[in-house]
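Q: Sequence:
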Amino acid sequence: MQRFFSPLFLFCLSMIYSQEKLNCEKEYHLAKERYELFFGDISQINYQSLPKVIIDNMDLEKIKGKNLILYYSNVTEADPSGVPREIRECKRFYPPVAYFNEEKLWGDNHILYLQSKIRKNIVPKTSLGFVNSENEFVRIFKTGNFKKGVMTRSKQIYYPGSERYFLYFPVHSSKLIINKSSDDSDVYENSTTLMTKVTNNSSKEVKVEYIFENDPSLNYTQTFNSVNNEWKLVNNK
Numbered sequence: 001m002q003r004f005f006s007p008l009f010l011f012c013l014s015m016i017y018s019q020e021k022l023n024c025e026k027e028y029h030l031a032k033e034r035y036e037l038f039f040g041d042i043s044q045i046n047y048q049s050l051p052k053v054i055i056d057n058m059d060l061e062k063i064k065g066k067n068l069i070l071y072y073s074n075v076t077e078a079d080p081s082g083v084p085r086e087i088r089e090c091k092r093f094y095p096p097v098a099y100f101n102e103e104k105l106w107g108d109n110h111i112l113y114l115q116s117k118i119r120k121n122i123v124p125k126t127s128l129g130f131v132n133s134e135n136e137f138v139r140i141f142k143t144g145n146f147k148k149g150v151m152t153r154s155k156q157i158y159y160p161g162s163e164r165y166f167l168y169f170p171v172h173s174s175k176l177i178i179n180k181s182s183d184d185s186d187v188y189e190n191s192t193t194l195m196t197k198v199t200n201n202s203s204k205e206v207k208v209e210y211i212f213e214n215d216p217s218l219n220y221t222q223t224f225n226s227v228n229n230e231w232k233l234v235n236n237k
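When you line the sequence shown up against the numbering used here, it's residues 1 to 237, in that order.
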């Protein structure tokens with residue numbers, strides 16, 4: 001059966017479509033203005049010392065067990081000045097200079113610096129899984145100081161072929177075997193699972209949220225400010 005639409009309906013539909021296009025343009029320019037206001041001088045800010053300042057101020061006593069499962073990258077990272085991702089039809093504003101993020105916090109030799117303070121095996125991962133490529137490990141962390149470990153599952157959630165190999169930063173020469181104790185969460189026996197969520201409030205203010213998968217009551221947040229290109233902890237809660 002052929003359908004007919006009234007001229008009034010088609011006019012209203014075209015107005016809605018035009019309004020959406022107008023909103024897209026508006027959102028793009030608002031994002032650009034926000035970037036200029038809060039991040040216009042980002043190319044002049046020195047972030048090289050920030051990772052060690054963050055690590056020096058971490059509450060390391062909250063990291064329990066012999067191993068640390070550390071999320072070194074947050075794939076859901078959002079652009080603090082960009083067009084919201086839910087407006088998929090809109091042209092997005094992409095900042096010319098990248099923000100400080102989890103990969104910059106935990107890249108290079110920064111994980112080794114953390115390990116020198118906690119003396120635990122550190123297993124880097126993302127929400128996509130563990131790192132199991134040697135070339136990828138060296139590319140990300142700029143070190144060949146790694147070993148191969150294996151993840152198993154507890155008897156309650158075990159099924160054939162569920163073992164997973166991973167690369168990690170070792171403390172001891174013995175091979176690391178970690179046992180996943182829940183199929184619904186990223187919890188492993190004798191280990192702490194930690195995610196750091198980095199938010200850029202401005203070019204000179206960075207917030208870090210510490211999220212403990214094992215025990216959310218341990219979660220805390222810190223804010224760091226840059227004054228005269230020197231990073232300092234200004235808020236801890």
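It should be emphasised that the hints constitute simulated quantities derived from the structure, not laboratory data. A quick note: this is a predicted structure, and the numbers were derived from the prediction, not measured. Wrong hints could be hidden among the right ones.
[Claimed, not checked] Here are the simulated DSBU-like cross-link-like pairs (lysine-lysine), alpha carbons at most 35 Å apart as the crow flies: (1) Lys180 <-> Lys26; (2) Lys142 <-> Lys117; (3) Lys91 <-> Lys180; (4) Lys26 <-> Lys120; (5) Lys26 <-> Lys175; (6) Lys26 <-> Lys142; (7) Lys180 <-> Lys32; (8) Lys64 <-> Lys148; (9) Lys91 <-> Lys175; (10) Lys117 <-> Lys32; (11) Lys207 <-> Lys120; (12) Lys204 <-> Lys64; (13) Lys66 <-> Lys26; (14) Lys147 <-> Lys26; (15) Lys232 <-> Lys120; (16) Lys117 <-> Lys204; (17) Lys91 <-> Lys120; (18) Lys147 <-> Lys91; (19) Lys232 <-> Lys175; (20) Lys197 <-> Lys232; (21) Lys237 <-> Lys204; (22) Lys104 <-> Lys207; (23) Lys26 <-> Lys148; (24) Lys66 <-> Lys148; (25) Lys125 <-> Lys237; (26) Lys117 <-> Lys26; (27) Lys120 <-> Lys32; (28) Lys197 <-> Lys180; (29) Lys204 <-> Lys180; (30) Lys237 <-> Lys64; (31) Lys91 <-> Lys104; (32) Lys32 <-> Lys207; (33) Lys204 <-> Lys148; (34) Lys148 <-> Lys175; (35) Lys197 <-> Lys207; (36) Lys204 <-> Lys32.
[What the hints assert, rightly or not] What follows is a list of derived Cβ distance ranges for each label pair: (37) Glu61 <-> Arg139: 28 to 34 Å; (38) Gly144 <-> Glu33: 44 to 50 Å; (39) Lys32 <-> Lys148: 18 to 24 Å.
No residue lacks a Cβ here, since even glycine has one placed at the ideal position from N, Cα and C.
Q: Where does the structure disagree with the numbered hints, that is, which hint numbers, in rising order?
A: As far as the earlier hints go, 1, 3, 4, 5, 6, 7, 9, 10, 13, 14, 17, 18, 19, 23, 26, 27, 29, 33, 39 are violated by this structure, in ascending order.
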